[in-house]
Every structure is written in C-alpha cells, then in structure tokens.
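Novice: Sequence lines, in order, name chains A and B. This note's numbering puts the first residue of the first sequence at 1, with every later residue one more than the last. This note's numbering puts the first residue of the second sequence at 1001, with every later residue one more than the last.
These aren't lab readings, by the way, just hints derived from the structure by calculation. Please note that a few of the clues may not be correct.
From the derived model, a few chain B residues whose C-beta atoms are all more than 12 Å from chain A [as the list claims (entries may be wrong)]:
#	residue
1	A1234
2	E1317
3	H1356
Below are the SDA-like pairs computed for lysine to any residue, each with C-alpha atoms no more than 20 Å apart in a straight line [to be verified]:
#	chain 1	residue 1	chain 2	residue 2
4	A	K91	B	K1338
5	A	K104	B	A1365
6	B	K1241	A	S243
7	A	K340	B	G1334
8	A	K277	B	F1349
9	B	K1241	A	G336
10	B	K1219	A	S243
11	A	K303	B	S1236
12	A	K91	B	S1236
13	A	K340	B	S1236
14	A	K245	B	K1241
15	A	K93	B	S1236
16	B	K1219	A	K104
17	A	K93	B	K1219
For every residue, glycine included, the Cβ atom is placed at its ideal position computed from N, Cα and C.
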Amino acid sequence: MKGYLAVVLHAHLPYVRHPEHADFLEEDWLYEAIFETYIPLLLVYERLIRDGVDFRVTMSLTPPLLSMLADPLLQDRALLYVEKLIDLTAKEKRRTEYQPEFRKTAEMYNWKFVEARDYFLSYGKNLVNAFRKIQDAGKLEIITCCATHGYLPLMINQKAINAQIKVAVDTHEKHLGRKPNGIWLAECAYFPGVDYTLKDHGIKFFFVDTHGVMYGVPRPKYGIFAPVFCPSGVAAFGRDVESSKQVWSAKEGYPGDTNYRDFYRDVGFDLEYEYIKPYINSNGTRTFTGVKYYKITGETVHKEPYDPQVALDRSAEHAGNFLFNRGKQIEWLASGMDRKPLIISPYDAELYGHWWYEGPDFLNFLFRKMHYDQDVIKMITPSEYLAEYPVNQVSAPCESSWGYKGYHEVWLEGGNDWVYRHLHKAADRMCELAEKFTSPADIEKRALNQAARELLLAQSSDWAFIMKTGTNVNYAVRRTKEHIVRFTRLYDSLNGGKIDQTYLSEIEYKDNIFPDIDYKVYR
Amino acid sequence: MGLIDKNPKKAPAGAESGTIKLSSGKKVKKPAAGLLAKARAKLSKKRVLAPVKPVKKNTRAESVPAQPPKAVEPKQTQEARQDLPSKIFSEKPFSVFIPDEDYNALFPSFYNETRIVLMARDPHWLFTYWEVNQDSVARMRQNLGGSFDSGVTTVRVYDVTNVIFDGGNSNRSFDVRISEGSSSWYLHAGDPNRRWVVEIGVLLPDGRFVPYARSNTIKTPADCVASVMDGEWAISEELMKRAYPKEWHLQGAGQGPGAQAGTAGEAGVSKGSAGTLKTLGGSESVHGGSSGWLSSWSSPGSGKEKTPLFWLRVGTELIIYGATGADASVTMNGKPVKLAGDGTFGTRFNLNEGEHTVTIEARSADGIFTRAYTIDVTKYTGEGK
C-alpha cells in the first residue's frame, strides 16, 4: 500500500421551506436531492457494509441540509413527492408496454423509486439517522459547513464569521451526536485568519482549492499531496487537479459519456399535457419530473433511448479507469515523497445521481474495486490521515475559493454585489443588539434570536450565486430582501421598545431554522 | 420507433370505423408550445388564507405608502385550499395570517450613515461601496465654503502594506473619480499580496483631498507560488508540476469548477465587469463545483442544452377506457386491468407504428357473464419499417 485517496462529497442545499405555501417549486430541490442523490448514496454505503467492503468517504452535511432533512413538514412533503413519482412510473410502465426500448427504463424508475421510498420510511423519513448509522460504522466521516453556507471572506465582521462557525458546530452536534472534526468552508472559500476561528470551535481541518495550498507561504513541500498546518495549527487539505478533472471536466469528464442518461430530456416536457399535468408544477408549468428516457447520445438534438445496462457497464469501466489513474498517480508520488501521498477528490454530492445519474454506481464500483482489485491505494478520511501523520509542514494557505477564476468573483460581481451593503450592516447591527440586550424580556429574547436567524439566512452564499448564474434570480433576490427586511424590522422594534408579537410569530413560523439559537453568539 | 424525434413524412387520409389514422407531417409555423421547455414558472402564488390586520410598520417603513391589508374573501380561501389536496400545510401555531411583506417596498436602500467598506475580489481587483449622508455633505459644504462646488467626488486608494496607516504614510496612492450617483465601484489595484485602504471624499482643484470616510483595511490574495521556501520542507520541481500543472495557473485557479469556456478574461474598468486574470486560451468548461448543481437543478432553459432553431416532435398514444360492474374483472389482450372502485378503468399506451388489435374482455364476479370488445387500430406514418 503506497498512498491514500479521500473522496469528499459536499452535500448542501439552501434552506428552502415555505410552510405558508402548499406547493413551492424550490422545495423540490430537496426532494430531488433526497431521492436522486442522498438515498442512492446511502444505499451504496449500506450495501458495501453488508458485503464487508471496507471503504471511507467524507461528506459535509451542511446545517441547512441537516435542518431540512430533520424537519417533519419537509419529510412529509418528500414522501408525497416520491409517492407521486411511483404513481407516474407505474403508469409509465403501462404506457411503454409495447416499446421495449423504453419499457426497461420505466421499470427501473418505478422499482428505484419504490426502493427509495421504502428506504426513506425505514428511517422514519429522517435521513440524518441513516447518515449517522454509516458514520457510527466508521466508514463515513461527516464534517460541517458554515451555518448557512455563508461566504466568509466577504463577510468582514469577525463576530458574524464566528457565529457562522459556532452555530454550525452546535447544529452538527445536535443532529449527529458529536462535534465535527472538520469543515467544508462554503465554496471552499478561505481567507488567512479564519483558521483561528475554526480552531476556537475545535475544528481540526478544512479544504481549499489547489492554488490555496500551492500559493501558500512558504511553498508546500508535498504540494497538495499532504495537508499543511496553518499558523493556527488547523490543517488545510488541497484539492487534487487530476482526479477533479476526470469527473468535473465537461470535455473529458466521465459524466459526459454518450451512454449516460441525458439530464434535459424529461417526460415533464415531453409527454402529453393532460397526462403529465398531475406530476409537474401545480400551477401547470411543465418542469422536470426526474423521469428521463434518453441517453446523452452526442451533441445532437436527436437522442437515442437510454439503456440502463449499458450505462451501468460504462460506470464500471469509468471506475476502473479512475482507479487505474489514481494508482499510477500514487506510484509516481510515493517514489518522491517520504510519507504516503494523499489525493483529495472533492465534489458536490448532488453531482452524483441528480446530475450524473450513474454517479452512485460509479462510486459503488470504485469502492469495490479499490477493496478487491488492488493494493496500491487505500481510502482514508482526513481525520485518519492526521492521526497517522500528526506532524506536518506549517504553511499559510492563500485566500481562494473553488469558484470560477479561483477567488471571489462569482460571489462579488455586477449582479450580486449590492447584497453586501445590507449583509454587512445587518451583521453590525446584530452585534450591536447582542451587546445592548444583556437581560432581555422573553419577547425581546425571541426577537433577538429571530433576528439572528434572519441574518444567517440572508448570508447564504447561494443567493449571490443564483444571482450570478441567472436562473431563479427572482427567488434569490426575494430571499435576500425578505430576510433583510425582517431583520431590519426586528432591529427597529427592539430599539423602539415595541415588538409586534403577531409579526414575530409569523416570521418565527416561516424562518424556523436553528430553533435553539442563542443571539449571544454575536457577542 | 421512438416516440419522438422523427418527422412523420406521409399522412394517410380518411378514417374508418375502428381505425385510427394519424394525419401528420404538416408544417408548423411555431414550435408546439406544449412541447417546448419553458422557462420556469413564477415563484409563488401568494395564498393568503384569512383576512388580516395590517402589518405594523416600523419606523423605516413609514416613508413607504401604507399597504392596504390584503384581505381575501373567505370563498377564495376555500378554493385555494381545495385545489391543493396533495401537499401538506403545516399547522400554524396561531390563527392570524399575515401576508408576505412587500419586501421590495420595505427594503432599505441606504442606512443614513457615512461609511465606506472595502473588499478584495481577487489578487488584482477591489470592490468598494459607500454611503455619505446629508449631514456629512452639509458639514463638508460648510467647511469648504465656495470651493465645495468645484470639487469632485473621488475614491482615494492607499497601498498600506507594512505600515500603520495614519492618513499620510501610505506606500503609494491613486485616485479614482466617481460618477455622480454611484455608491460602489470596482478598483483596479493591480498588486496581489498588498494591503489597501480607501477613502471617499472630495478632490478640490487645488489638489487637496478632503475625505468623508475611511474604509477598513483589506489584503489582496496572492496569485502565484510563493518565493518563500522552507529549507527543511522544500518542494521538488517535479512535484510542483504534478500538483499544479502549468495550464492550470491563473486560469487554472479560475477554470476549476463552474467555469464556462470563453467567458474568461474580459476586461473592463467600470462598475460591474472587470477582469485581469487573462486566460491562457482554450480554457475548458468544467461544470460542477461551486454550487454547480444550483444552476442545473432548476433550469429547463439554462442554456446548457443546445436548443435547435426549429424542430418538431410528435407522439401518439392510445387511450382505452370504459366501465363495467364494480366487482367484475377485466382483461386487455389477456392481461388483467385494474378497475377503479366504481368499475371504471382506463389505460394508455404509446401507439406504435403498424396495425394493432386490442381485445377487452369483462367477466362478472360470479363468472356467468362475459362481454368482449375488439378494436383494430392502425398507425401509419411510413416510418418504422
């Protein structure tokens, strides 16, 4: 055994929960992720354990995601969502009865959705328990993320940054029964000094993009193939370029294989309106259903039918290719290093299953092949690596992110830069309130805690990201403004000594994340 | 044949009893709307569920015209509930519903303060936003007297690397003239790894600069491998190359996740677009990372799918439905069909090219009676042969 591979999956969705609406389009993000990504991944893990395959994987489950997975309302709605898909795919089996080229795929969907629903129910609709089980089996290291995926380098207010970390660690511990050893900084966005805040909350490592380590001072001896210690003593792991490219790259990446399922051709758009109507958006707008019958085929409008078996075989080949390349990489690295090299391969978890439908199969094959077919490379978690190598070079990583161009431009550009005036002001005001109210009355305390929630929700980097990418912009603008407006009202009413209890109840009901938050975190 | 993607070329004419003939292949001027991937729906319908009392306005909101309470008639409320049988409402802990705020109207544009904040966007560019309130302007006008009107609003950028800045001891400084009405600006600092402060103020014709406010200090990130080496921990050239290949430098930093080919390296000085990280050309599109899913998640028209100029997709399906005794059993070509509780049934198939015979047979619960019905269906497009 010559070296290690750490697969890191960052699982995150912004907090989208609209109890005031019976049907809310953006909530579907969660349901899609549950049934297309999280359950397929969990099933892979469960079966690896069942079959005695030793594996390691690291996942960040962000506080908003944990909160949503554990939320009874969203759990019930998720169940309805999958029941609908089971209903649709049962009809689809019938409809495609005389179309052998689609029938097999229809059957697969129906079977998979039933399986996913049963799995969901077997954990009482709470997938946090399922993740926890894999964690407790020692195969999965779960790390945290900023409380609401706040973009720390652009936050400026040190107390606000501290609150993003403290609330995250508390939420993590509440749901997963232990404090996180590591963190996935939102968007991999690091700035020098934030590591001291991490250290204050017991966090021992985080990740940066390749150049975050490579541009560190002094130059890192092992490049990104071993962690470095920040001056604070917290470890930074750098993303590996080669393995990232094999999966991310649109040109050479595996997910672009022509045999894999095409994401865009969906029955939600293809089938006759009255037939599909119960399964699309309740306002009658056609949307994705998750049922798709075509393969990528090529850069052509004409798409060929998807063949699940052929795609499965491809994912096995790709897993073999990935492993082969990592083996070569490790052999080469090991020859020039005086310790076992470590390859860090981080991805958005939702890439697997949702976007790259065969992604979970790919991981399944990769983990199995790694266990049975070779002995050059072994899977590891960052915590295990640090236990094996407690002495590391001290090098201060470079401010960076994993966004386009490597710094902050995605989250700070013409379409979204207006948010920071308000985010900064609200953060300053929150700290001011926390100082001012030393012994608040009950209602004031509620208002203070709610103000903290509104600030945190406004800080999600997702809103700036959506404004940048141009889809769903209205929703992102609305969320930013709503939370700032709610925060500002609370701020004014706390200072004015007059709190509208009805209004407070209303926004407590709407923005219910972090029920245990204590506003004093802003002191 | 596939359901779609084929242009039926020939249409047989006429229809006879028991035969479905498809007339197809007609030219269509516009793409069939129903088959087009549409942009997403509007976000939400406001479902206001009961008469409301007006929301109390805070002080900030007082300048905003008062919103009439959005009372909704009880009848509509009923309907709103009825057409949504399948999704769950959570129980509200109280009975009074308040409509969503008019967040656009209530949103504060400014905070009536005088303040400037500085942020680093990347190794070369800074972003600053500011506010100068009326009081500050009045005071400045008073201080400067007549020369105030000949001054121009200016942001002065100071390089304060390795100094404790007192206003006069920066390493260097430069001015950026700001257009009237602006409240933020992108500044080309140019130097990575330096510390910066900015001031917003008035630049007078005699060269004097009188600031309204000074910003926080910010450092631009590094944009290359450090020159500082650590003797004991020196990295080899080979490993350097392997860890961070040349083609990934700079552009690599950016071409990581979320990059779109061909959009890198735009240049611009004014607000909104700016960039000095020139790509080395041929930057590759790598999707994912940095919330890549968010755009893919939700966007039927996100531009990732190549949309052809024009196309036509046609599908045909056969719907067979009927009713019999509630306790009867029904088969279709020998296969059982599920009855609804009231004895009705309905199925739907994709209709393939060619001739089809469908036999529906019902048998009473006691097995005494049977009824059968046979349908011949022909679909002919000239394809699928």
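Novice: It remains to establish, for every hint, whether it holds in the given structure.
Specialist: Each hint, compared with the structure:
1. A1234: Non-interface label fails for A1234 (chain B): nearest chain A Cβ at 6 Å, not farther than 12 Å.
2. E1317: E1317 (chain B) is in fact no farther than 12 Å from some Cβ atom of chain A, at 6 Å.
3. H1356: violated (8 Å)
4. A:K91 x B:K1338: holds (12 Å)
5. A:K104 x B:A1365: violated (34 Å)
6. B:K1241 x A:S243: Judged against 20 Å, a Cα distance of about 15 Å means the pair holds.
7. A:K340 x B:G1334: Not satisfied, since the Cα-Cα distance of roughly 65 Å exceeds 20 Å.
8. A:K277 x B:F1349: Holds, at about 17 Å.
9. B:K1241 x A:G336: OK: K1241 (chain B) and G336 (chain A) at ~13 Å, within 20 Å.
10. B:K1219 x A:S243: violated (32 Å)
11. A:K303 x B:S1236: violated (49 Å)
12. A:K91 x B:S1236: violated (62 Å)
13. A:K340 x B:S1236: holds (16 Å)
14. A:K245 x B:K1241: Given pair K245 (chain A), K1241 (chain B) holds - Cα atoms ~16 Å apart, limit 20 Å.
15. A:K93 x B:S1236: violated (60 Å)
16. B:K1219 x A:K104: violated (58 Å)
17. A:K93 x B:K1219: violated (60 Å)
In this structure, the earlier hints numbered 1, 2, 3, 5, 7, 10, 11, 12, 15, 16 and 17 are contradicted, and the remaining ones agree with it.
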